[in-house]
Amino acid sequence: MYRTIQQGAYAQAQGKFIRSLGDGRIEIEAGTKRLVGRAVETRRVVADIGARLLGQRSLRNGLVATVAALGLLLSPVGTGVAKAQDGVNILNVSYDPTREFYREYNELFNEWWTAQGNAPVTIQQSHGGAGAQARAVIDGLEAQVVTLALSADIDKIAESTGKIPADWQSRLEHNSSPYTSTIVFLVRDGNPKGIKDWDDLIGEGVAVVTPNPKTSGGARWNFLAAWGYAEQNGLDPAEFVGKLYKNVPVLDTGA
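Quick note, in our numbering, the sequence shown goes up one by one and the last residue is 255.
Honestly, the hints are just simulated from the structure, not real lab data. The beta carbon of each residue, even a glycine, is placed where N, CA and C say it ideally should be. Take these hints with a grain of salt, some might be off.
[What the hints assert, rightly or not] Here are the simulated distance ranges between beta carbons:
(1) K193 x V250: 17 to 25 Å
(2) Q6 x N247: 28 to 36 Å
(3) P249 x R34: 51 to 59 Å
(4) V206 x L108: 34 to 42 Å
(5) G117 x V187: 48 to 56 Å
(6) H174 x G234: 25 to 33 Å
(7) A166 x N191: 40 to 48 Å
(8) G242 x N89: 25 to 33 Å
(9) V250 x G190: 18 to 26 Å
[Unchecked claim] Derived DSBU-like pairs: lysine-lysine, alpha-carbon spacing no greater than 35 Å straight-line:
(10) K243 x K196
(11) K214 x K156
(12) K214 x K196
(13) K214 x K193
(14) K163 x K214
(15) K246 x K196
(16) K156 x K16
(17) K163 x K193
(18) K214 x K16
(19) K193 x K243
(20) K246 x K193
(21) K156 x K243
(22) K163 x K16
(23) K163 x K196
(24) K156 x K246
Make a model of the complete structure from these sequences and hints.
Put into structure tokens, the structure is as follows:
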């Protein structure tokens with residue numbers, strides 16, 4: 001189990017829980033070090049902020065329309081201690097559909113963070129296809145946080161850089177997935193092609209907009225959803241998906 005501790009006014013650390021000292025302090029293992037500090041309960045705070053954001057109609061609708069099934073996977077990249085001092089910048093490397101989400105979430109986080117007596121933190125964002133973003137971090141992009149669409153991409157970062165523990169997914173409930181969503185179809189005004197289900201997407205004259213599953217996490221969930229539809233309906237999944245992608249005129253790198 002991973003816990004967060006407070007060390008001084010502006011420093012926190014996260015690591016594997018070792019023991020409780022009985023005075024409100026706990027000992028954790030952060031990387032190669034053992035640290036002691038006051039236990040900080042962050043899960044409820046994050047959940048409350050997320051609930052406030054998801055309760056906003058415009059943002060909620062945007063998530064339903066664009067975010068793939070697995071959702072955000074939050075993993076800190078770097079050392080076990082994160083300091084929040086004047087002039088400190090944090091880079092969050094994320095995937096395409098989260099731009100609007102984090103624009104509002106970062107403001108709410110800073111509102112909560114400064115209310116605890118901490119100095120404001122400048123949070124910078126980098127967005128792109130999840131696979132491409134993972135490769136950028138592996139190639140040296142200095143991220144403090146990665147929030148990607150697929151566990152496989154975060155696993156690659158953990159394996160290639162060693163900056164994320166191999167068991168990162170067991171840190172939080174629900175395999176570190178704070179929300180789930182679904183795949184929806186957005187059609188032209190009036191739905192002139194009569195699109196209602198997956199098999200309608202392989203029809204003649206239908207053009208499908210979906211990113212490249214080789215570079216986009218969301219696109220992989222689109223791919224798998226189409227594959228699952230074919231399996232559940234007694235169709236050849238490979239043939240069905242092949243027909244679907246023949247109707248995709250352009251495979252963009254991200255959503």
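Violated hints - listed by number, lowest first: Violated: hints 2, 8, 17, 23.
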